[in-house]
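J.: Sequence:
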Amino acid sequence: MKLYDYPGAPNPRRVKIFAEEKNIQLELILCDMAKREHKTPEFLEKNPSGKIPVLELEDGRCISESIPICRYLESLVPEPNLFGNDAFEVSHIESRNRHIELELWTQIGISWINGPIVGAMGLFEQIPDAKKASDKNVKSYYQRLNGEFEKSEYVAGERFTVADITLLSAIDFASTLVDLKPDIDLKILMLGIRIFLPDQVHKSRKYEYRSSTTQ
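Okay, so the sequence shown: first residue is 1 according to this note's numbering, each after it adds one.
Be aware that a few hints might be false.
Stated by the list, open to error - No farther apart than 27 Å at their CA atoms in a straight line, the calculated lysine-lysine pairs in the DSS-like style are these:
hint : residue 1 : residue 2
1    : K151      : K51
2    : K139      : K181
3    : K2        : K39
4    : K181      : K132
5    : K22       : K51
6    : K136      : K181
7    : K131      : K181
8    : K181      : K151
Quick caveat, the hints were computed from the structure, so don't treat them as lab data.
The task is simple: from the sequences and hints, build the whole structure.
T.: So this is what it looks like as C-alpha cells:
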C-alpha cells in the first residue's frame with residue numbers, strides 16, 4: 001500500500017505512527033505540497049479534496065483522511081487495538097480524539113496559517129489578532145491536559161490509543177513548526193506519550209520517500 005505524505009504534515013504523521021504501532025509496512029510517496037503536487041489533476045483523481053494523506057491500495061482504490069485510513073488499517077490488523085474493544089471504550093476514545101481535533105488542532109491551525117512560515121508564502125491574509133487568540137487557546141489547552149494527565153497516564157483510559165497518536169501529532173507539529181511547544185511541566189513529556197523528531201514516529205522509525213511525480 002502507498003501512503004501519499006509530506007514531511008512535517010501532522011495528519012499523515014498520524015497514519016505513520018498508527019501503521020508503525022501495527023507493524024504495517026507502507027510505501028511512502030512524497031507529495032510535495034510546496035510545489036502544489038496535491039493540486040495536480042493526477043492527485044485530484046485520488047482525492048478530489050486535494051489533501052493528504054491518501055492511502056492507495058494495491059488495486060488502485062484510494063482512501064483519504066487520516067482517521068478513515070487508520071480505521072482501514074485497524075480492520076486489516078486488529079491487534080494491538082487502538083480504537084476500542086467495547087461499545088463504551090470505542091465511544092470514549094472517539095470522544096477524546098474529537099476533543100483534541102476540535103479544541104486543540106483547530107487552534108494550532110489558526111496559529112499556523114497566521115504564522116511566519118505561511119505568511120512568507122503569501123497565500124493568506126495574515127490576522128495577527130487571530131494568532132494571538134489561538135496561541136492563548138493552545139496554551140490554555142496545554143494547562144488542561146496537564147491536569148488531566150495527573151489523573152491518567154493516557155488520553156482515553158489506561159492504554160495507548162489513536163487519541164494519544166492524535167495528541168502526539170498535534171503537539172509535535174505545534175512544537176516544531178508553529179512555535180507552540182508546551183512551556184509547562186506537561187505530563188505527556190514524561191508518561192505514555194513521547195515527543196520525537198519530525199521524521200520519527202512512536203517507535204522511532206525513519207522513512208524513505210519516493211516522489212509522486214515518478215508514479
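J.: For every hint, state whether the structure bears it out.
T.: Going down the list of hints, with the structure as the test:
{"no.": "1", "hint": "K151 - K51", "verdict": "37 Å, violated"}
{"no.": "2", "hint": "K139 - K181", "verdict": "9 Å, holds"}
{"no.": "3", "hint": "K2 - K39", "verdict": "18 Å, holds"}
{"no.": "4", "hint": "K181 - K132", "verdict": "15 Å, holds"}
{"no.": "5", "hint": "K22 - K51", "verdict": "24 Å, holds"}
{"no.": "6", "hint": "K136 - K181", "verdict": "12 Å, holds"}
{"no.": "7", "hint": "K131 - K181", "verdict": "15 Å, holds"}
{"no.": "8", "hint": "K181 - K151", "verdict": "22 Å, holds"}
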